[in-house]
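According to UniProt numbering, the sequence shown holds residues 1 to 358 in order.
Mixed in with the good hints, there may be bad ones.
Said to hold, decoys possible - Using 20 angstroms as the maximum straight-line C-alpha spacing, the simulated DMTMM-like pairs for lysine to aspartate or glutamate come out as follows:
no., residue 1, residue 2
1, Lys213, Asp242
2, Lys213, Asp171
3, Lys213, Glu168
4, Lys185, Glu195
5, Lys185, Glu157
6, Lys213, Asp226
7, Lys213, Glu157
8, Lys213, Glu193
9, Lys185, Asp27
10, Lys185, Asp171
What the hints assert, rightly or not - Each pair of labels, with its calculated beta carbon distance range:
no., residue 1, residue 2, range
11, Ser274, Glu115, 24 to 30 angstroms
12, Pro275, Glu193, 43 to 49 angstroms
13, Thr170, Met225, 35 to 41 angstroms
14, Asp242, Gly220, 40 to 46 angstroms
15, Glu193, Asp223, 29 to 35 angstroms
16, Pro118, Ile321, 30 to 36 angstroms
17, Arg61, Lys185, 18 to 24 angstroms
Just so you know, the hints here were simulated from the structure itself, not pulled from any lab data. Built from N, CA and C at the ideal position, the CB exists for glycine as well.
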Amino acid sequence: MCKGESNRVHNSGRKTAKMAGPPEATDRHPVVIIGGGPVGLSASILLSLRGIPHALFERHRGTSIHPKACGINQRTTEIFRAMGGGLAAVRAAAAPDDVKGRTAWWTALGPGGREIFPRDAWGGGAYADEYAAHGPTRYEVMPQNRLEPLLVRRARELNPAALRFGVEVTDLVVDEADGGGVRVKVRSSRGEESEVLARFVIAADGGRSVTDKLGVPWIGERDVMDMVSVHFRSPLRSRHPDPRNFIIWFTHPDQGGSVRTGYLYQIGPWPFDSPEARDSEEWVFSCAPTASDPSKFHRLVLPLGRCRRRRGSRQPWWAVIGQRRARHRVFQAVHHPGPSHSTLVDVPRQGRPLRSAI
């Protein structure tokens with residue numbers, strides 16, 4: 001049985017960051033960013049590098065405490081390289097090459113487990129030369145709870161006053177009478193409300209609220225399934241039958257295939273010989289609920305050893321995209337990420353057109 005650090009289920013969480021005060025009612029910014037995840041923080045860095053003043057509002061008090069997305073694709077790592085020091089910091093703490101480029105399907109882990117099929121993936125093994133030919137950087141694996149603090153540090157180096165954690169955007173209205181700007185209403189964690197004027201808005205909230213406020217239709221299906229994720233600590237690596245695999249997919253016809261049976265992936269910390277890694281290996285197990293869920297995690301994973309649960313979540317999975325990328329002067333997230341996606345959404349590229357417009 002896992003020893004839980006908390007029995008509560010968290011839909012989201014944040015590491016506390018230094019908070020800025022509530023904005024003044026007369027605040028005006030060329031650009032306002034809604035959301036302080038990887039996309040919003042990357043947008044802040046890129047705008048600062050181009051000399052564009054802006055403000056970023058994040059309703060949580062700090063960065064994510066849940067691993068969330070882990071894969072950073074090759075185009076995104078190219079953009080990180082342009083951020084100045086960002087890619088080097090990511091590379092230093094990302095998964096080593098012998099882990100990030102391989103996946104496999106197993107019936108279970110432990111004495112009764114059997115490998116069904118392994119394969120190279122994400123620019124590893126047989127795909128290394130192909131990826132190298134198409135870009136100067138590589139695919140990286142790093143959980144969001146370790147990536148976001150690195151992006152916050154770089155964003156604050158460039159513009160210390162831009163990040164406003166603990167401030168929630170409650171509404172936004174395109175104001176045609178004010179030169180086509182956008183009125184952004186915000187509320188601090190203390191309940192103080194005010195209004196900010198922006199010429200442009202980047203809604204980097206993962207389609208959580210702004211898409212609906214803009215009246216942009218969603219295309220696809222909502223509530224396809226629920227996904228349950230458990231973030232836990234356990235010394236599994238020494239007992240793992242093949243620790244080269246970043247993701248192990250469990251598959252059994254009685255459980256409904258890979259997603260229903262569940263999958264397990266390692267999230268560091270890396271490098272493996274660091275003091276932090278020796279003290280605590282971290283993993284995530286995810287599955288779609290079935291009647292056997294209470295015993296599934298213990299049956300598939302725990303035969304390898306003890307574990308200590310850090311946190312869990314249960315969220316619906318949507319298979320949808322927004323019909324439009326922008327409306328009026330608001331650039332918005334068309335992709336609604338699922339609760340257990342293993343790949344990061346692309347970081348934004350609006351900096352150049354915004355610089356031309358401003």
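The hints, checked one at a time:
Using a Cα cut-off of 20 angstroms, the hinted pair Lys213 and Asp242 is violated, with the two alpha carbons roughly 47 angstroms apart. Between Lys213 and Asp171 the CA atoms are separated by roughly 8 angstroms; this keeps the pair inside 20 angstroms, and the hint holds. Taken as a hint, the Lys213 and Glu168 pair is honoured in the structure, with Cα atoms around 15 angstroms apart against an allowance of 20 angstroms. Between Lys185 and Glu195 the alpha-carbon distance is near 4 angstroms, which keeps this suggested pair within the 20 angstroms criterion.
Of the pairs offered as hints, the one joining Lys185 and Glu157 is violated, with about 27 angstroms between alpha carbons and a cut-off of 20 angstroms exceeded. Of the pairs offered as hints, the one joining Lys213 and Asp226 is violated, with about 25 angstroms between alpha carbons and a cut-off of 20 angstroms exceeded. Taken as a hint, the Lys213 and Glu157 pair is broken in the structure, with Cα atoms around 33 angstroms apart against an allowance of 20 angstroms. A C-alpha spacing of about 19 angstroms is found between Lys213 and Glu193, which places the hinted pair at or below 20 angstroms, so the restraint holds.
Under the criterion of a C-alpha separation no larger than 20 angstroms, the hint pairing Lys185 with Asp27 is consistent with the structure, at around 11 angstroms. Under the criterion of a C-alpha separation no larger than 20 angstroms, the hint pairing Lys185 with Asp171 is consistent with the structure, at around 5 angstroms. One distance hint, 24 to 30 angstroms for the beta-carbon pair Ser274 and Glu115, holds here, with the actual separation near 29 angstroms. Checked against the hint of 43 to 49 angstroms, the pair Pro275 and Glu193 passes, with Cβ atoms roughly 45 angstroms apart.
Distance hint check for Thr170 and Met225: the Cβ-Cβ separation is about 30 angstroms, which falls outside the suggested range of 35 to 41 angstroms. The beta-carbon spacing between Asp242 and Gly220, approximately 35 angstroms, falls outside the hinted interval of 40 to 46 angstroms. One distance hint, 29 to 35 angstroms for the beta-carbon pair Glu193 and Asp223, holds here, with the actual separation near 32 angstroms. Checking the proposed 30 to 36 angstroms range against Pro118 and Ile321 shows it holds: the Cβ atoms sit about 32 angstroms from each other.
Distance hint check for Arg61 and Lys185: the Cβ-Cβ separation is about 20 angstroms, which falls inside the suggested range of 18 to 24 angstroms.
The structure does not agree with the numbered hints 1, 5, 6, 7, 13, 14 stated previously, though it agrees with the rest.
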